[in-house]
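2 protein chains.
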Amino acid sequence: MKKTYLMTPGPTPVPPKALLAMAEPIIHHRTPEFMEIFKEVCADLKYIFQTQSDVIVFTSSGTGAMEAAVANLLSPGDKAICVQGGKFGERWTELCNAYGVNAIVIDVEWGKAVDPKIIEQELKKDSGIQAVFTTLCETSTGVLTDIKAIANITKNHNAALVVDAISGLGAEEIKTDEWGIDCVVSGSQKGLMIPPGLAFVSLSKKAWDKVEKSKCPKYYFSFKKSKKALDSADTPFTPAISLVIALRETLRMMKTEGLDVILARHKKLALSTREAMKAMGLQLFAPTAPSNGVTAVNVPAGVDGEKLVKHMRDKYGVGIAGGQAELKGKVFRIAHMGYITETDIVTTIAVLGMALAEMGYKGPVEPA
Amino acid sequence: MKKTYLMTPGPTPVPPKALLAMAEPIIHHRTPEFMEIFKEVCADLKYIFQTQSDVIVFTSSGTGAMEAAVANLLSPGDKAICVQGGKFGERWTELCNAYGVNAIVIDVEWGKAVDPKIIEQELKKDSGIQAVFTTLCETSTGVLTDIKAIANITKNHNAALVVDAISGLGAEEIKTDEWGIDCVVSGSQKGLMIPPGLAFVSLSKKAWDKVEKSKCPKYYFSFKKSKKALDSADTPFTPAISLVIALRETLRMMKTEGLDVILARHKKLALSTREAMKAMGLQLFAPTAPSNGVTAVNVPAGVDGEKLVKHMRDKYGVGIAGGQAELKGKVFRIAHMGYITETDIVTTIAVLGMALAEMGYKGPVEPA
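As given, the protein sequences belong to chains B and X, one line each in that order.
All residue numbers in the first sequence are consecutive under my numbering, ending with 398.
All residue numbers in the second sequence are consecutive under my numbering, ending with 398.
Check the hints yourself; a few may be wrong.
Each pair may be met inside one copy or between any two copies, as identical chains are not told apart.
[As the list claims (entries may be wrong)] Computed cross-link-like contacts, BS3-like style, restricted to lysine-lysine with a CA-CA straight-line distance of at most 25 angstroms: (1) K69 x K340; (2) K243 x K298; (3) K254 x K117; (4) K257 x K392; (5) K358 x K257; (6) K47 x K33; (7) K142 x K117; (8) K358 x K69; (9) K298 x K185; (10) K47 x K117.
Note that these hints are calculated values from the structure, not bench results.
On a predicted model such as this, the values are computed, not experimentally measured, just so you know.
Whenever a hint applies, use it, and build me the whole structure from the sequences.
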């Protein structure tokens with residue numbers, strides 16, 4: 031018998047209601063029935079994004095929407111700041127490079143958050159900078175960025191603030207309108223609790239002004255095409271109908287629970303996870319700027335990090351994530367994002383303790 | 031009580047097995063379990079595409095894969111032939127325009143198929159032409175293009191033959207390797223019988239050589255990134271896991287039925303539909319080059335085409351499609367593609383007859 035407990039930072043577990051909604055017979059997207067669903071989803075997304083602006087929906091992974099932000103806001107030769115302190119921050123730089131945008135890279139030590147003052151210094155040096163690309167929660171390191179402080183800087187400059195909130199939306203506070211964020215990008219398979227395949231973008235007035243001037247090529251990911259279709263509750267191209275219908279279910283759940291309660295729940299689960307790690311004598315990878323969505327933990331000396339993840343999955347059915355890129359084998363990551371309860375965290379910690387012991391870890395030094 | 035009978039050319043009905051597969055708890059994509067599924071899907075796609083080359087999988091609508099073909103095969107300033115005889119043929123031209131590719135447009139009267147000789151003439155005029163963009167089955171008109179004849183021409187030229195087989199794959203004969211097609215693009219929600227959200231691309235050696243030279247920007251839709259990941263049964267970005275799992279089910283069904291049997295079934299359903307239309311005194315929109323995936327029928331005089339579609343849907347639950355773009359209100363379209371049986375066609379024809387009578391259509395003139 032096999033049973034799985036998914037504790038990875040995307041995909042995250044999908045509530046049964048949303049799974050079952052996808053098992054209903056498929057409906058056509060250009061029907062009053064689907065248009066009603068799509069309208070409800072778009073309205074609820076505004077609530078989660080904390081914005082009055084439209085939220086555009088793409089059928090793609092979150093990376094597609096990140097590419098859309100670069101291709102729709104900028105032109106070749108433009109300058110943009112890319113804050114990179116992990117695998118997903120680096121993606122902004124790669125995207126800028128792909129589109130001929132001059133990336134001014136702010137390299138941040140993995141495990142640390144960027145100092146907003148460094149961004150301010152760069153913006154003061156060059157008023158021609160068109161965008162600042164940041165990451166709310168860097169999934170590869172578990173670091174949370176102080177987006178509020180950065181928004182407080184960018185609002186006095188020409189540059190648009192773009193936030194990758196793929197990991198983070200629905201887990202971390204992000205007040206799009208109140209803080210003045212110009213573009214928030216997200217995905218479906220994290221805090222929004224449905225399978226991967228949908229991506230989302232919100233845009234401020236300042237962002238739309240840049241869209242008007244953008245000269246990068248785009249078609250499928252065109253904000254203008256999406257906005258035009260959205261005005262009649264439509265998408266320019268056939269959407270992932272099943273995923274939109276599943277999303278209606280999870281957004282209804284989120285509205286019922288309430289965003290404040292959801293965020294408080296994530297905070298509590300994250301704090302509990304961090305305290306449990308310390309109690310087990312383990313070290314957090316990002317102790318100074320931990321996120322509420324995912325916790326990265328250093329693999330203790332003498333334990334093989336890759337084998338630990340495999341062992342927990344194969345023996346106990348608990349799926350946590352290993353390290354990515356330069357952190358491969360060096361950290362493991364426990365997600366507490368989306369459809370995750372206290373009981374799931376307790377389960378994961380208990381299983382982690384057993385697995386570590388089985389792999390020779392002796393735990394914290396016993397008090398004398 | 032409401033029950034729906036979906037007879038639209040995308041989405042098409044999804045078999046219960048595939049729907050239920052999506053209702054299983056979500057699994058992580060970087061696990062041996064998912065990699066096995068993905069490997070099986072990629073192998074089965076080669077069978078359906080009738081190719082020995084890799085088939086790349088994108089999470090997007092079919093249009094995303096069309097954009098990928100333009101962005102990965104060409105460079106700004108390149109010349110390409112775009113055959114347009116409907117809404118989807120026009121999309122190739124729009125995509126070329128978006129990427130700064132010089133589109134040599136071959137305009138075909140809607141409802142007619144392109145004469146391959148015209149393509150040959152253009153190719154002979156200019157050996158610098160890099161690609162010929164065509165449509166296997168033009169969903170907006172129901173026209174089938176003679177891809178075999180076109181491939182027979184392009185194989186003697188520098189240009190790569192790119193076929194939009196979004197509507198058509200699994201319904202029409204398309205022998206990718208045998209005919210020498212360089213790039214076949216398709217989508218998930220037509221002949222492959224799963225919901226929208228996945229797109230596919232096969233590439234010949236000639237196409238890959240062009241990929242090496244391409245200078246258009248791309249990232250999410252990069253063929254090279256996809257190919258590199260595919261070599262280890264992976265995708266460069268989080269795929270629409272649920273849809274891949276659903277696709278395993280429908281591809282297994284297709285392998286069991288056998289491609290020849292599937293194509294013969296589509297041919298029979300299409301022929302039956304066309305004969306029924308004629309018997310009802312209706313005129314086919316594309317009598318000279320009808321496809322086996324979808325039949326477009328002229329709305330008879332005195333009947334409101336938009337209302338007919340709505341009436342059939344609202345009163346009888348039978349969803350057919352209206353006309354698109356310049357054909358809006360002028361044609362209706364019945365799909366016989368994917369998970370569709372003889373019984374479904376009989377149902378649709380019976381309901382169409384009733385609906386037309388209710389809207390004042392008198393039918394063919396009675397014999398004296």
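* Go through the copies and call it for K47 and K33: within, between, both or neither, with a Cα cutoff of 25 angstroms. => both (19 angstroms within a copy, 21 angstroms between copies)
* How would you label the pair K358, K257 (within, between, both, or neither) given a Cα cut-off of 25 angstroms? -> between (40 angstroms within a copy, 22 angstroms between copies)
* **Copy assignment of K358 with K69, given that the CA separation must stay at most 25 angstroms** => between (42 angstroms within a copy, 24 angstroms between copies)
* Asked: Is it within, between, both, or neither for K243 and K298, if the alpha carbons may be no more than 25 angstroms apart?
  -> Answer is neither; intra-copy 44 angstroms and inter-copy 52 angstroms both fail.
* Should K257 paired with K392 be assigned to within, between, both, or neither, using CA atoms and 25 angstroms as the limit? -> Answer is neither: 57 angstroms inside a copy and 43 angstroms across each miss the 25 angstroms cutoff.
* Tell me, please, which holds for K254 and K117 at an alpha-carbon limit of 25 angstroms: within, between, both or neither? => between (29 angstroms within a copy, 19 angstroms between copies)
* If the cutoff is 25 angstroms on CA atoms, where do K47 and K117 land: within, between, both or neither? Let me know, please. => neither (33 angstroms within a copy, 37 angstroms between copies)
* Taking 25 angstroms as the upper bound on the Cα-Cα distance, should K142 and K117 be classified as within, between, both, or neither? -> Within one copy only: 13 angstroms inside, 51 angstroms across.
* To do: Please work out whether the CA atoms of K298 and K185 approach to 25 angstroms or closer within one copy, between two copies, in both situations, or in neither?
  => neither (31 angstroms within a copy, 63 angstroms between copies)
* From the Cα coordinates, with 25 angstroms as the cut-off, is the pair K69 and K340 best called within, between, both, or neither? -> between (42 angstroms within a copy, 20 angstroms between copies)
In this structure, the hints that do not hold are numbers 2, 4, 9 and 10, in rising order.
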